[in-house]
Amino acid sequence: MNAAAWICLLLPLAGALAITLAGERVSRRGAGYLSTATTAAAFVAAIVAFADMLSKPPAARPHATTSWTWLSAGRYHFGLTLLTDQLSVFMMLIVSGVGALIVAYSIGYMDREDEERRFFAYMSLFVFSMLLLVQGGNLLLLLAGWGMVGLSSYLLIGFYQERESAVRAAKKAFVMNAVGDATMALALFLLIQHTGRLDYGGVFAASPHGGAIANLIALGLLGGAVAKSAQIPLHTWLPDAMEGPTPVSALIHAATMVTAGVYLIVRTHPLFENAYVVEDLAAGLGAATLVMAGLIALVQVDIKRVIAYSTMSQIGYMFVGAGVGAYPNAMFHLMTHAFFKALLFLAAGIAIHALAGEQDIRRMTGLGRTMPRTRLAFLAGSLALVGIPPFAGFFSKDSILAATLDRGWFGAILFACGLAGTFLTGLYTFRLFFVVFGREGDAHPHLHGDAEGPFSMVSTVAVLAVLSVVGGWIQFAPLWTPLTTWLAPVARPISEATSWEEAASSAAAFALGLAGIWVAYAAYAARTVRVPAALPLLEKKFYWDELYDLVFYRPADLVSRALGRFFEQPVVAGSIGEVTQGFRVGAGEVSRAQNGLVRSYALALAAGVAVLAVVFLSVR
Amino acid sequence: MHGPDVAWYLVLAALLFVTGALGVLVRRSPLIILLSVEIMLNGANLALIAFARRLGHEDGQVFAIAVMAIAASEVVVGLGLIVAMGRRHVELDVDKLRTLRG
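Chains as they are written, first to last, in the numbering used here: chain S, 1 to 620; chain H, 621 to 722.
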């Protein structure tokens, strides 16, 4: 049933357009309800599409519809094609479902903010862009969604446009993403040149196996994925993106945007499988990012930044999973991560909301006494993030780790990084938990009555808390693997762990996660261990910003200054003066011909006629 | 076809036209300039009539009559202007009338 897919795609767009066009005619609250209703209806449409697919045999499930030819250029024709298959339906459910919860939450969070309507229009646009990205039936449409996701994130990160840091963060996110867009576009050019098409099936069938071209194509796609998913080396925009309102952070981290990179790798996995080196590179970058982000998260003092680094770290796991070819495991972790990361952000948002915008964890202490239910929700999210059974993260993260063991010595390195990451995850997550939601402290939230926040916020957090507990139960490799079976026609894994490997990695990850929690408890709750001073290396986030400043900004600044001094000032500015002077002198000379003597005008006329007569007579 | 060839008429018409044009260009008195313009018009008339006779059509003669009517109305306007100038004691010299100067 493709009507459902179209409705799912177009409803958020309709919501965004309606809010934009209605302007003042819709109340601020009304804009929130409209946005929530369209996104929730999109979720219902996604469920309908999913149910329809369930009723068919696996071979008949993928279905592509082309509404019209979008671009025609010579031999190449690209249609506006929606592809509804197992993978895109899976993503549609996550994007619209978690997206609808976050938009509903925003009704309470953004209450009494200025320009709520603009906010909800942008949120709907964001969901639409992401749906376009995952539903697009060819790479060109995917690229269009890709760019629109970048645009929406720019608009939302810079939502507080009067705050200079927000504007700067928005620009940074946009520019970093544009780098990825560019490499991706280059990869598409190569694909057009070598295969002549951009629809998934045709590209996969015709793309070159191995060799420089295959590597370059995969590298370009990886560049896009790395930028969108905030992996090394294009990751620095993500922590700064915390300048946006908290629901935006949740939307970027859970339902849209950063998961797009993982989706891209899984969607185009045949291209990556043709270039093993690049696939290993993806896994390596993911492993490096997950360790680095975990280390940086240990010393951050902004609650949202800590969660942002944990996102980078978790996306690193997904890259490892996708890079070693365990595609269903990566998608599984994407789903559980969407649940618990949205939960963490939204629960943190309740605390921030109650503390009138305070985000510094050194001043957010002792909320466990005053906000016990938020504490419980945050605890559920934290346990899911660390991967403690039976919470969601346990099932998804450990199966990624187990899959790495299939890959020889490189896999062993990835496995070690993943385990180190698990320990760090336990440590930084529960540092946050014990500091903010501990029993000691003096933060005084403004609470009205019994509730810890508006109904729209509390209820969505409760739903996400339940999902963070039970969301992982849909798959427990290798005993119970419906998700892998479901995705197999689209993304068949090329590395599968044995049950022994699954058991070993689960035990190791569980033990290290618990160890991390125990260290955090000792240092931040029981205070039996003194916390060492933070390393400047970590506080400066491994000097990435400084590196980019030195490599890109400073030389460009220097060159432009030099050009301004030695070229623009003397040559351009000087020549403009001379040109105007020339025109002025010339005009003065010409105006002398207009002397007011009628006879001279008559002479000019007669001379002109004479010249014309000669010309007509001589040129026949 | 009687009389001289049409070329002779054309030569005379050209002579009249050039004489008139020279008069317009070199004389300063507006009265003489008006006279010279009349000479030019009559040169053109002569050419029209010569061709009309040569080709046996009446069109040229009709044009000549139209030119005469235009010449008469032009003289009315031009002489009126000159009389107005004389009444205001403006010197009758076109080179002194330079208000069109840019």
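These aren't lab readings, by the way, just hints derived from the structure by calculation. No residue lacks a Cβ here, since even glycine has one placed at the ideal position from N, Cα and C. A hint or two may mislead.
[As the list claims (entries may be wrong)] To give an idea of the interface, some chain S residues facing chain H are shown, with a C-beta separation under 8 angstroms as derived from the structure: (1) Lys172; (2) Val175; (3) Leu479; (4) Leu597; (5) Ala602; (6) Ala604; (7) Ala606.
How the hints compare with the structure:
1. Because the closest C-beta pair between S:Lys172 and chain H is about 59 angstroms apart, greater than 8 angstroms, the hint is violated.
2. For S:Val175, the interface hint is violated, the least distance from its beta-carbon to any beta-carbon of chain H being 55 angstroms, above 8 angstroms.
3. This hint is violated: S:Leu479 has a C-beta 99 angstroms from the nearest C-beta of chain H, more than the 8 angstroms allowed.
4. Look at S:Leu597: its Cβ gets to within about 6 angstroms of chain H, closer than 8 angstroms, so that hint holds up.
5. Because the closest C-beta pair between S:Ala602 and chain H is about 6 angstroms apart, less than 8 angstroms, the hint holds.
6. For S:Ala604, the interface hint is violated, the least distance from its beta-carbon to any beta-carbon of chain H being 10 angstroms, above 8 angstroms.
7. At about 6 angstroms, the closest approach between the beta carbon of S:Ala606 and any beta carbon in chain H falls short of 8 angstroms, and the interface hint on this residue holds.
Violated hints, in rising order: 1, 2, 3, 6; the structure is consistent with all others.
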